[in-house]
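Could you build the full structure based on these sequences and the hints that come with them?
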Amino acid sequence: MTLDQYNESIKQILAEQQKIAQSTAQLAMSGQAIPGNPQFTQLMTSQWSLMQQMAKLNTDLMIGVMTPKK
45 MTLDQYNESI
55 KQILAEQQKI
65 AQSTAQLAMS
75 GQAIPGNPQF
85 TQLMTSQWSL
95 MQQMAKLNTD
105 LMIGVMTPKK
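So the mapping is simple: the numbering used here equals the position in the sequence shown, first residue as 1, plus 44.
Since the hints were derived computationally from the structure, they do not count as laboratory data.
Under the rule of at most 25 Å between Cα atoms (straight-line distance), these lysine to any residue pairs were calculated in the SDA-like manner:
1. K55 to F84
2. K100 to E60
3. K100 to Q62
Label-pair distances were calculated between CB atoms; the ranges are:
4. S74 to T103: 31 to 39 Å
5. T46 to A69: 31 to 39 Å
6. S74 to E52: 31 to 39 Å
7. G80 to M45: 36 to 44 Å
8. I78 to M45: 33 to 41 Å
9. L47 to Q70: 29 to 37 Å
10. N81 to E60: 15 to 23 Å
11. M95 to M73: 17 to 25 Å
12. E60 to M106: 17 to 25 Å
13. Y50 to M73: 31 to 39 Å
What you are looking at is a predicted structure, and each value in this text was computed from that prediction instead of being measured. Even glycine gets a Cβ: it sits at the ideal position worked out from N, Cα and C.
Okay, structure coming up:
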């Protein structure tokens, strides 16, 4: 993975997190952002998955898995 690929992956994750934040805010304003709501649970599961993806990308970057751009 190059640094450009890393940056693109992070941008995609951040865009998806923004969508999750907007959906969560809508649920919160309607009083539906509760653990018993399957839609809310799905949003939080998606958010956790994105956080794990970002952590893996950051770890890969820190340990030098990145390859130089050709």
